[in-house]
Amino acid sequence: MNTTTQPARQNSLVFTGNVSQVKPIQGGACAISLAYNEGSMVNGQWETKDTLFLEAYIPAKLNFQPNVGDKMTISGFMAANNYQPQNSKKRYGSKVVINEIVEYIAKTVNNASQQNNYNNPPQQHAPQYAPRNAPQRHAPRNAPQQHAPQYAQRNAPQQHAPQYAPQQHDSRPNNSFQRGAGFQN
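Heads up, the sequence shown is in our numbering, so the first residue is 1 and it goes up one at a time.
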């Protein structure tokens, strides 16, 4: 994917959707699929007519990996108008490279009652070691860790249960977004 002409591109877009898939990519980047349900309210019930999926690429420089079910508004640009999906001969659509995460709302099981419970919680396993090759991007810095210590020193971004398991904490990368400072690189 050629991103060297990024500043000169005029094909920017803003899109809001729910994260339906997350695929970590070596080097800290990840590919996500955002889903948007088109429909209308019928007799007080939401009736979905169609679902639009947008594949997007979060560069490593953003240092961010969302979880499935999170709601995001992204700002980005089209990187290829000749995208070929895996295991397919047909070429169609486009791939979007994300420049900025405009809005992020984490999907939590019970966000309201859990929000104020973890100011400086105790760690639930042995301390993590500093020389890790890939940082965890799915948990805030001071949240309780919910996995066994053997996951602490992995060479690749985590691709297992913590990413898809129900979260018992606010899964934003850090709390600067709540303070109105936006996401920090």
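Treat the hints with caution; some may be incorrect.
[To be verified] Pairs of lysine to any residue, SDA-like flavour, derived with a Cα cap of 20 Å: (1) 23 - 99; (2) 49 - 62; (3) 95 - 25; (4) 95 - 49; (5) 107 - 11; (6) 23 - 107; (7) 95 - 62; (8) 95 - 15; (9) 95 - 36; (10) 71 - 26; (11) 95 - 12; (12) 23 - 49; (13) 23 - 39; (14) 61 - 103; (15) 61 - 36; (16) 49 - 16; (17) 61 - 78; (18) 107 - 12; (19) 107 - 15; (20) 107 - 69; (21) 61 - 35; (22) 95 - 43.
Don't read these hints as lab results, they were simulated from the structure.
**Request:** Could you tell me which of the hints above the structure violates, numbers in ascending order?
**Result:** When the structure is compared with the hints, numbers 2, 4, 5, 10, 12, 13, 15, 18, 21 and 22 turn out to be violated.
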